[in-house]
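Enquirer: Chains as they are written, first to last, in the numbering used here: chain Z, 1 to 319; chain F, 1 to 319; chain X, 1 to 319.
Heads up, a few of these hints could be off.
Said to hold, decoys possible - In silico DSS-like pairs for lysine-lysine, Cα to Cα no more than 25 Å straight-line:
no., chain 1, residue 1, chain 2, residue 2
1, Z, K301, X, K100
2, Z, K306, X, K65
3, F, K301, Z, K302
4, F, K301, Z, K306
5, X, K39, F, K185
6, Z, K306, F, K185
7, Z, K185, F, K73
8, F, K302, X, K301
9, X, K65, Z, K315
Don't read these hints as lab results, they were simulated from the structure.
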Amino acid sequence: MIGNSGLVITGAVHLDSDKDGSISFIGSTAYLNKWESSKVTAAVIQEKLVQDNLPGDGRAFVVVKNADLAMAKILELFTPDAIIFNEAINRSAVISETAKIGQNAKIGANCYIGNEVQIGANTTIYPNSTILDNAIIGDHTIIKSGTVISERCVIGDSCIIHTNVNIGTDGFGYRPSDDGRSIVKIPHIGNVEIGNHVEIGSGTCIDRGKFDATIIGHGTKIDNLVQIGHNCKIGMSTLIAGCTGISGSVTIGNGVTIAGHVSIKDHINIGDGVTIGGKSGVINDIAAGQTVLGFPAMEVKKTLRKWAVLNRLIKTGNN
Amino acid sequence: MIGNSGLVITGAVHLDSDKDGSISFIGSTAYLNKWESSKVTAAVIQEKLVQDNLPGDGRAFVVVKNADLAMAKILELFTPDAIIFNEAINRSAVISETAKIGQNAKIGANCYIGNEVQIGANTTIYPNSTILDNAIIGDHTIIKSGTVISERCVIGDSCIIHTNVNIGTDGFGYRPSDDGRSIVKIPHIGNVEIGNHVEIGSGTCIDRGKFDATIIGHGTKIDNLVQIGHNCKIGMSTLIAGCTGISGSVTIGNGVTIAGHVSIKDHINIGDGVTIGGKSGVINDIAAGQTVLGFPAMEVKKTLRKWAVLNRLIKTGNN
Amino acid sequence: MIGNSGLVITGAVHLDSDKDGSISFIGSTAYLNKWESSKVTAAVIQEKLVQDNLPGDGRAFVVVKNADLAMAKILELFTPDAIIFNEAINRSAVISETAKIGQNAKIGANCYIGNEVQIGANTTIYPNSTILDNAIIGDHTIIKSGTVISERCVIGDSCIIHTNVNIGTDGFGYRPSDDGRSIVKIPHIGNVEIGNHVEIGSGTCIDRGKFDATIIGHGTKIDNLVQIGHNCKIGMSTLIAGCTGISGSVTIGNGVTIAGHVSIKDHINIGDGVTIGGKSGVINDIAAGQTVLGFPAMEVKKTLRKWAVLNRLIKTGNN
Numbered sequence: 001m002i003g004n005s006g007l008v009i010t011g012a013v014h015l016d017s018d019k020d021g022s023i024s025f026i027g028s029t030a031y032l033n034k035w036e037s038s039k040v041t042a043a044v045i046q047e048k049l050v051q052d053n054l055p056g057d058g059r060a061f062v063v064v065k066n067a068d069l070a071m072a073k074i075l076e077l078f079t080p081d082a083i084i085f086n087e088a089i090n091r092s093a094v095i096s097e098t099a100k101i102g103q104n105a106k107i108g109a110n111c112y113i114g115n116e117v118q119i120g121a122n123t124t125i126y127p128n129s130t131i132l133d134n135a136i137i138g139d140h141t142i143i144k145s146g147t148v149i150s151e152r153c154v155i156g157d158s159c160i161i162h163t164n165v166n167i168g169t170d171g172f173g174y175r176p177s178d179d180g181r182s183i184v185k186i187p188h189i190g191n192v193e194i195g196n197h198v199e200i201g202s203g204t205c206i207d208r209g210k211f212d213a214t215i216i217g218h219g220t221k222i223d224n225l226v227q228i229g230h231n232c233k234i235g236m237s238t239l240i241a242g243c244t245g246i247s248g249s250v251t252i253g254n255g256v257t258i259a260g261h262v263s264i265k266d267h268i269n270i271g272d273g274v275t276i277g278g279k280s281g282v283i284n285d286i287a288a289g290q291t292v293l294g295f296p297a298m299e300v301k302k303t304l305r306k307w308a309v310l311n312r313l314i315k316t317g318n319n
Numbered sequence: 001m002i003g004n005s006g007l008v009i010t011g012a013v014h015l016d017s018d019k020d021g022s023i024s025f026i027g028s029t030a031y032l033n034k035w036e037s038s039k040v041t042a043a044v045i046q047e048k049l050v051q052d053n054l055p056g057d058g059r060a061f062v063v064v065k066n067a068d069l070a071m072a073k074i075l076e077l078f079t080p081d082a083i084i085f086n087e088a089i090n091r092s093a094v095i096s097e098t099a100k101i102g103q104n105a106k107i108g109a110n111c112y113i114g115n116e117v118q119i120g121a122n123t124t125i126y127p128n129s130t131i132l133d134n135a136i137i138g139d140h141t142i143i144k145s146g147t148v149i150s151e152r153c154v155i156g157d158s159c160i161i162h163t164n165v166n167i168g169t170d171g172f173g174y175r176p177s178d179d180g181r182s183i184v185k186i187p188h189i190g191n192v193e194i195g196n197h198v199e200i201g202s203g204t205c206i207d208r209g210k211f212d213a214t215i216i217g218h219g220t221k222i223d224n225l226v227q228i229g230h231n232c233k234i235g236m237s238t239l240i241a242g243c244t245g246i247s248g249s250v251t252i253g254n255g256v257t258i259a260g261h262v263s264i265k266d267h268i269n270i271g272d273g274v275t276i277g278g279k280s281g282v283i284n285d286i287a288a289g290q291t292v293l294g295f296p297a298m299e300v301k302k303t304l305r306k307w308a309v310l311n312r313l314i315k316t317g318n319n
Numbered sequence: 001m002i003g004n005s006g007l008v009i010t011g012a013v014h015l016d017s018d019k020d021g022s023i024s025f026i027g028s029t030a031y032l033n034k035w036e037s038s039k040v041t042a043a044v045i046q047e048k049l050v051q052d053n054l055p056g057d058g059r060a061f062v063v064v065k066n067a068d069l070a071m072a073k074i075l076e077l078f079t080p081d082a083i084i085f086n087e088a089i090n091r092s093a094v095i096s097e098t099a100k101i102g103q104n105a106k107i108g109a110n111c112y113i114g115n116e117v118q119i120g121a122n123t124t125i126y127p128n129s130t131i132l133d134n135a136i137i138g139d140h141t142i143i144k145s146g147t148v149i150s151e152r153c154v155i156g157d158s159c160i161i162h163t164n165v166n167i168g169t170d171g172f173g174y175r176p177s178d179d180g181r182s183i184v185k186i187p188h189i190g191n192v193e194i195g196n197h198v199e200i201g202s203g204t205c206i207d208r209g210k211f212d213a214t215i216i217g218h219g220t221k222i223d224n225l226v227q228i229g230h231n232c233k234i235g236m237s238t239l240i241a242g243c244t245g246i247s248g249s250v251t252i253g254n255g256v257t258i259a260g261h262v263s264i265k266d267h268i269n270i271g272d273g274v275t276i277g278g279k280s281g282v283i284n285d286i287a288a289g290q291t292v293l294g295f296p297a298m299e300v301k302k303t304l305r306k307w308a309v310l311n312r313l314i315k316t317g318n319n
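Hey, can you work out the whole structure from these sequences and the hints?
Expert: Structural data, given as structure tokens:
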């Protein structure tokens, strides 16, 4: 720590904030340049950026190896309380007599909890959520408002399911009618099984399997407005960013990173540790460890070379 | 049938399942190769794959012309019961006195049914759904939880509208203000009219027309997270896969197949029987029967040739 | 006005409608060609299209400088009543004792209004909406069914928030765990602040900031199924069409037009008055006033030239 060690810090802010008694972070030279004119009194600062800089009169630097990481931990200290449930189980919630509600579970106003549903201990269901028959929700899980967990689906422990999420919609599968003149729905009798420590963003849809389960592995984090088709098997600690669409029967490994607006064709296999760049369209299997980009998605260097070739072609006489 | 005809089958599973007394399907050599080590006792199998193969001790093959189709029909046999409504009309639902509710209709907990709404016979409204004033829902239709049918919209018979669907949002139309300094909303006084046997996936949005109706034809199936703009006219038995966005005033024929993450520009006409490949961007009309791909979408062969040309260019000295 | 000035007009329709006593609009030669066979009795018509044309027996033209604009204003006259709230505050709504509800506010059936929430005067909350603790909603604002305004978020005056919208979901931010073996959620302690006269489409998600606010400026209009990441700052009178995904920490100016299915990388800056064509992928900053297209998005002329070059390459021997 450099500078005034007697400061009382009551919040975390950006450098351009004018809130008194706050701390911010300096993770790059650009941020360092803003420091002098900033009204913020303290900052965590990346070690290599300190050099000869002093925080200035009455201000302080907390010198750290990784400013991003330090700030993430500071935010944990300043996290405000979650919403308050004035009754643990709101009297307006409609709960089947055959549902089992765990100890210290909270159920918000106007929820519906169906027949034979199991809600784990210390789990919180926000107002206006719907949990349909025979669904099972683990312990310490949070289900936010407007979300629907459809019949027979299983959610693990310590998950966060954000607002208006759709778990267990029927897969998009049809067959021609016997007379070949129309399309007939194929029943989807499977379910969705979600591991522990999974987070699922608002509006996201995960379809139920045709016969068995669509699976989301432990620790996987899925952003808003993502579509995951029937029968997908997604590994552990995988990240899937917003607006991505994954067709049916796709298999995705562990530790995969999928950026936003990616599309993945049905029945594709994606190995462990793969990275898929934003807006890519994946139509071939991807081996473990690869980084791909573009449509059709291929090794990132190849796609960047294509982009460069096209830029050159429009500059030459060839147009 | 080949093999043990005395088996009792109680479920349908994938070949890698270990559930006793189940049936699976063998539609390709890859699946056939898994059969010997599989614990499943019976399988429907594509005729041409049988040849010399026998199911093995105590196991059975049901030989069929189309294993996919046969399995779809088997799933119909094993479809579990839908959710159970403990009261036909849940006492927590708020239903306007001027709404007309058909015979044997079921209305779940915490639904809202507005003024002058009509709900058909044998129609089921899942918990936490909202049907606003003057909407009309046909017979034998299912509306799942969290879905909102906005005022004056019309849904046909035998439809399935999945969770958190949005029918009848105002179209995205604005005009400059008279002083040219801001944007003013154009009222959308039309509605949405959905035919019979239509299925609509979770989170999907269908906007109301500016003056008249946005129309979805009989038998059309729409996947999750699809956006359909104001004044679109979509034909019969058309399939639209997930994450597709269709701008305003697009006309789409009958028997069209649109894959996932497709974008269609406003005022485009798409003929009957067209197929649009995944992630395509359609900016020109498409004549009946064509198959298109890419952005800009064009005849699939042309797009594949472009992809091949680019692959060649980055391999040659031209980069 | 040309023709029969004694007509009584009771609705606005398309030229192919057969509703008596209605008015339509003629903004192009294509529409003019439909006029003679149309059953519609009156039309607003673009000045330059009139020339020698007469409306015909008993019919009328209203000649205007801008038929689109005139029609938008006519629609305002024919806008039907909004839904009727039979009780201003429905008795089934669950409203915290510490919430402050403004004069003439309406709250629909089965809503939840959390602790310390403030709802402005003349604001309408449709049935089955959820407003969580400490959120603030301005005056004359409409919040439609299924929408969730999460804790501490702020919505301005005269906004329209359509159905199943998600305001204030946690941003998609994680850090490696201390042992490097899993991913840990970064708390998002900021909120979302939405200006006045903002409209937000169905299913759209706006994430809360990490420390401070995600901001949407006055008069900005956002379509359905749009994703806006944490810490974005979006200016005034900007239009964002459906299915667009905007990553975290993006800054967007005033009067920007973003078409459908656009993707924008994190930390990008987009100047005032920019236009971004449909399905573009923006990976570089865009200076004020530019029009861009494609992936990677660049000056629209350059992208069109690339498309032309590729079309030429597949026609020559080069394939």
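Enquirer: Under the constraints set out in the numbered hints, which ones does this structure not fulfil?
Expert: 1, 2, 5, 6 and 9
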